[in-house]
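Enquirer: Chain by chain, the residues run as shown.
Number of protein chains: 2
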Amino acid sequence: MDKIFYPGSVAVVGVSERPDNLAANIIHNLLAFGYGGDVHAVGLRAGQVHGIPILPSVRSLPEGVDLAVILTPAATVPGLLDACGQKGIRRAVIESGGFTEFSDAGRHLEEELIATARSWDMRIVGPNCISVINTENGLCLPFARIDPEATRQGPVSVLAQSGGVSITYLILLSEMGLGANKVVSMGNKADLNEIDYLTYLLADPATEVVCLYLEGIEQGRSLLELAASAPKPVIVQKANRGRASAQIAFSHTAALTNDDAVVDAALRQAGVARAQSFDEAVALAQGFTLPPVVGDDLLIVSRSGGHAVVAADAAEAHGFRLMPIPADFATQVRHMFRANVIAPTNPLDLGAIFDFNLYGRIVEASLDAVQPDALLLIHTYSSGPEAAVSEQLARHLGHLNRDLDKPLALCAFAQRDEVEGLRRATDLPIFIEIEAAVRALAASRDRHTRPARLRPLPSAPAERSEKVEALLSRQDVSTTDVALDLCSSFDIPVAEWAVVTDQESARIAATNLGYPVALKGLSPQVSHKSDAGLVVLDIADGEQLRAAFTAVSAALTEHSHHQAVRGVMVQRMVPGGRELIVGGKRDPSFGPVLMVGLGGIYVEALDDVVLRLAPLSREDAREMLEEMRGRRILHGMRGEPPMDLEAVVDVLLAVSNLLITCPEVVEIDINPLLALEKGAAAIDARAIVGSQRT
Amino acid sequence: MDKIFYPGSVAVVGVSERPDNLAANIIHNLLAFGYGGDVHAVGLRAGQVHGIPILPSVRSLPEGVDLAVILTPAATVPGLLDACGQKGIRRAVIESGGFTEFSDAGRHLEEELIATARSWDMRIVGPNCISVINTENGLCLPFARIDPEATRQGPVSVLAQSGGVSITYLILLSEMGLGANKVVSMGNKADLNEIDYLTYLLADPATEVVCLYLEGIEQGRSLLELAASAPKPVIVQKANRGRASAQIAFSHTAALTNDDAVVDAALRQAGVARAQSFDEAVALAQGFTLPPVVGDDLLIVSRSGGHAVVAADAAEAHGFRLMPIPADFATQVRHMFRANVIAPTNPLDLGAIFDFNLYGRIVEASLDAVQPDALLLIHTYSSGPEAAVSEQLARHLGHLNRDLDKPLALCAFAQRDEVEGLRRATDLPIFIEIEAAVRALAASRDRHTRPARLRPLPSAPAERSEKVEALLSRQDVSTTDVALDLCSSFDIPVAEWAVVTDQESARIAATNLGYPVALKGLSPQVSHKSDAGLVVLDIADGEQLRAAFTAVSAALTEHSHHQAVRGVMVQRMVPGGRELIVGGKRDPSFGPVLMVGLGGIYVEALDDVVLRLAPLSREDAREMLEEMRGRRILHGMRGEPPMDLEAVVDVLLAVSNLLITCPEVVEIDINPLLALEKGAAAIDARAIVGSQRT
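Chains A and B, in that order, give the protein sequences. Per the working numbering, the first sequence starts with residue 284, numbered consecutively. Per the working numbering, the second sequence starts with residue 284, numbered consecutively.
Just chain A, with the same shape it has in the complex (with noise of 0.2 Å):
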């Protein structure tokens, strides 16, 4: 990989002296960009581009060229690449498009690309991507024109699946004033994907924060594992999030669909930060490379009342705490300065105070009077005297920032130009939104505060017992009666229940059980027993039960289809409680997946409910409930008894569990679960195992 960023010659295969030959724009950008390294161009025709003579042929290229960068029509890059190939070159960026985005020949047309490239142990970027810049030394190699002057070398370095966004993201990052270090656009990933480019990435010592673009994630646990473990942080920007987007992704990278809900939850819980525009992912950058926020008080400094009320709103919504300023902090700055001229609020409005060179000094002497975890300075100033010194403060800044190692977030309002002023004065990130400065100190806090808790998922598969075994060859497995037993087999408990085929029987369960009782008409072919007449609640006696017997009897034989009936369940009524779904499938890319929510209508109705990669841990589960919207009602709200989460978060974990051990377990739902005074109860359940989805 290290000769893919940094080769030490690169031919660039596809030039021709006409005025719109792409490649010839490849050419121009290693010039422009400085890169040290020889540059050979390969072409149809002979001539010369920027001084480069045009090769006719990739076999007349020199001996040990490290990288060959095609921009052909896809029908002939196999063919190329395979003269690459006996040419000694293992490293290919190919740039041309028409493969699988494009038709079914362009996917075979890709697989016989990786086909040329495994005979010749080459790794590939690309294809149908817009490649590789490397800041460090003026590797350069998108087919489109790059300004030097619009970019600025700096610590972060971006993966991004499209080749428009790659360029935006380089662009506002140097605006920004904080650089970017290498960028892929990675294409099609026909060879090389997100996993080994964030690999080499989290290992390059001159990249500190990594941005990825994505539109679908493949090997999302792999991927995420890989972030959760690293010590740099990470940003994902995952567009592709609805059904509108989903078919332009697919036709322009070939990207699938991932689950939202999914990719949401697994991000938070491998603590990487999600950023919903380019924008945001460039100030989440920004905030990461200042000292760590390691704790929920913020100290707002601003020079405007209305910014400061601005940014109090923004620290709210993203859980900062705004401390109290000791009393002693406003005599002692009166003190200092004039008198009266600050409130002792946090905010902290230095609107009556002009002279700009004591904004360093109150800002030194509050970090050290309130001992916030991080400080918001917002500066609002004109053009002219105030620019010089807004510049010699932004310095200052810049380092109480490295000498105290306290994040301090400037947050500039002025004139673009002066706020490039102080880009150029000093290296403290400068944010020029208020939203976007608290957003990234939340990120950072997060970050740092909590942990990423995305658990591995076991190399060996782990013991079962013979029960689980037996239940999980059985054919009717996705019956209530079964599933409850495989909960059971979990220590999940379960409302005590019986079998039986004939009225008698159901009246001695009955009796056995104790009414109320329930009866449920067993079948393996209805998902909704409810609506199929197959469930009858609440049944109070004898008489009650002979009826409710005779209907589901009824409804059971109606809905069987020629299949043998299974039989009738009676099961005991559980008093109390409150209904919650807890639930697991498996994901396509990210693996075991457990869902809880409200329950009964609610759950559909509100869609309230919390996602999160298993295995799970205890803190994990009892995360999980605390983020339900609805999760008052397990509180005991109005004097009510709460109900005993800690039972929930038991089943919660035996199904994180369940989904472990048994891989073949595509989906569980129990539903409802009761959460109780004293325990918690599984009433009814459903699982899928292999290929038996209906």
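In short, the hints are calculated from the structure, not lab data. You may find that some hints are simply not true.
It does not matter which identical chain is meant; a pair holds if it fits inside one copy or across any two.
The calculated lysine to any residue pairs, modelled on SDA-like cross-linking and capped at a C-alpha distance of 25 Å, are [what the hints assert, rightly or not]:
| # | residue 1 | residue 2 |
| --- | --- | --- |
| 1 | K961 | G816 |
| 2 | K961 | D768 |
| 3 | K961 | D814 |
| 4 | K961 | S813 |
| 5 | K515 | M284 |
| 6 | K961 | S771 |
| 7 | K689 | T572 |
| 8 | K750 | P898 |
| 9 | K689 | Q675 |
| 10 | K961 | D927 |
| 11 | K689 | R678 |
| 12 | K515 | D580 |
| 13 | K961 | A823 |
Bear in mind that the values here come from a model prediction, so they are computed numbers and not experimental data.
Start from chain A and add chain B according to the hints.
Expert: Here is chain B on its own, set in the frame of chain A:
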């Protein structure tokens, strides 16, 4: 008011030759912006600033000065104002701070100031503001220096409670190429307030869009009735949303705190777009300068597939539909240009077309073929040769925009200098963030497809029945039976009841109503009856009734604290249905507000409530039900019959009518209101009249 924005002459009071004199900046600004009227300076010491002589007193000013601008210590302001009055000056801008926002002494000074102004029939801007800018005539009165180069004249006027924010708006509007017209920082609003300024700007021919930045809304109802009736778009950024920001908001401009949920509902109802940040407000203003968006059909055209995916996500989030592209359009484009370069998808990906001259033709052809309600073109380009063609493209789109009267939003990703070049090339607004562009189009669509529906409050009190009069005059109006009686008087269906005081009459009442019944102890002192043991539900027979009556009577005696026991309510239990809560309250700024939400424990746990200002139309009431997150619970889930939504709508209209007709009702709650398969029934209610709030 016209003389405030277009004065023939200005006198600045508080000027000195000292280099840190702020009033001198006002003189500087007036000269730098080429203000054409006479400029006078008044200060304690003779001298001159920027060539203008400093006169020793207000008295020494010439006659006929239109506007005084005062920036002197607070204590001197009332006296100076009186001197201005004597001199015939009838308008003053008071920039000094130190009034209500600062201290009690300051509040007295502000009262004195107002009394002085009234005595001279003088109108006041401020105090505690950085005042007024009019780009039409160069009137630029802030005490901070403003750079004329950084400001651009345009169609957007700004009203801001904060001075710093007003300047931020001025600079952002200018940098985004849109430009500002009039900018007002209102300060403490001791005399002129947002209603006065908004009235003026809505009538001002040079103002096309108004942006308001507010921290507290004092006469919300009047402000929004004004905005709702205006043909010009109004954008509001309302800060001071949480507790943390309230203190600083008060201390810097003496703003009160509003209930943010009421603000949100009121703005939507008035057809006002709410912006969450400065950038968003400016983007919305950009959108409002395009031809109106009159439907949900959006066509996205992009050079980069990645940007297209991000745009499709945003379109879906903002309720746009991406219309399919007709197959023949794809054929047509293939013939127009090269074969197979464009797939007929929306977003339309132009990544394979490198000749920007074709883009304008493709946009025109696709508008014709697809007939969308709006088109978003995302244009990504590099500097050099692409930049010049991009400017031509922007000009072409600007013409299309005008000629076809279709909203074309252009979002450009390029180096900042290049974007500035586009802005010089065309008046078409250039967006620089996809989300911002889509949000702006959505705001235009909302404005043009969902007209403002804020209905004015009746000017005269409505007639009321004798029964209503009698109920409202009762001391115990907060008690369930009286509140339900009040509901019933407004034709709200209620569950039948009787009030009894002994076992025997309870038995008779229960028999008459029919079992099951509920018992409720009537006590105006207790607001949570269930918690106090005053409620027993589902009483099935006489035996249970006896026990329940004894228990409730005992609880009632315990809670009545020596007051006469009012009695016990025997109420018919209404079977089935879904619990809702319907309420009304009187907001100090916005007047009567209606509320509906899921009832029972869910209203508290999920906070799923929808608000609207009264009086409601039937359409408003229907929308309220549709906006509940849990609305599907009423629609009949899993094969259950739907609830009678129109009956709930009738109840909402009745409560609206009650609030309008009975101004002394401060608050009323029907909790629960049962929505039934047919009809609805109020089960419990509470009303608070006048100062009876407990």
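Enquirer: Taking 25 Å as the upper bound on the Cα-Cα distance, should K961 and D814 be classified as within, between, both, or neither?
Expert: Answer is between; shortest inter-copy Cα gap is 21 Å, intra-copy 31 Å.
Enquirer: For K515 and M284, with the copy left unspecified, which applies at a CA distance of at most 25 Å: within, between, both, or neither?
Expert: Intra 19 Å, inter 58 Å, cutoff 25 Å: intra-copy only.
Enquirer: I want to check one pair: K689 and R678. Are their C-alpha atoms no more than 25 Å apart within a copy, between two copies, both, or neither?
Expert: within (15 Å within a copy, 49 Å between copies)
Enquirer: Should K689 paired with T572 be assigned to within, between, both, or neither, using CA atoms and 25 Å as the limit?
Expert: within (12 Å within a copy, 44 Å between copies)
Enquirer: Within a copy, between copies, both or neither: where do K961 and S813 come within 25 Å Cα-Cα?
Expert: Answer is between: at 23 Å across copies they meet the 25 Å cutoff, but 27 Å inside does not.
Enquirer: Checking an output row: K689 and Q675, CA cutoff 25 Å. Within, between, both or neither?
Expert: within (19 Å within a copy, 49 Å between copies)
Enquirer: Using 25 Å as the alpha-carbon threshold, which applies to K515 and D580: within, between, both, or neither?
Expert: within (24 Å within a copy, 43 Å between copies)
Enquirer: Should K961 paired with A823 be assigned to within, between, both, or neither, using CA atoms and 25 Å as the limit?
Expert: within (24 Å within a copy, 29 Å between copies)
Enquirer: Between K961 and G816, at a C-alpha cutoff of 25 Å, which is it: within one copy, between copies, both, or neither?
Expert: between (31 Å within a copy, 23 Å between copies)
Enquirer: Under a CA distance limit of 25 Å, which applies to K961 and D927: within one copy, between copies, both, or neither?
Expert: For K961 and D927, only the intra-copy Cα distance (5 Å) is at most 25 Å; the inter-copy one is 38 Å.
Enquirer: As a check of your reading, is K961 near S771 (CA-CA no more than 25 Å) within one copy, between copies, both or neither?
Expert: Cα proximity of K961 and S771: one copy only (18 Å, versus 43 Å across).
Enquirer: Are the CA atoms of K961 and D768 at most 25 Å apart within a copy, between copies, both, or neither?
Expert: within (21 Å within a copy, 42 Å between copies)
Of the numbered hints stated above, none is contradicted by the structure.
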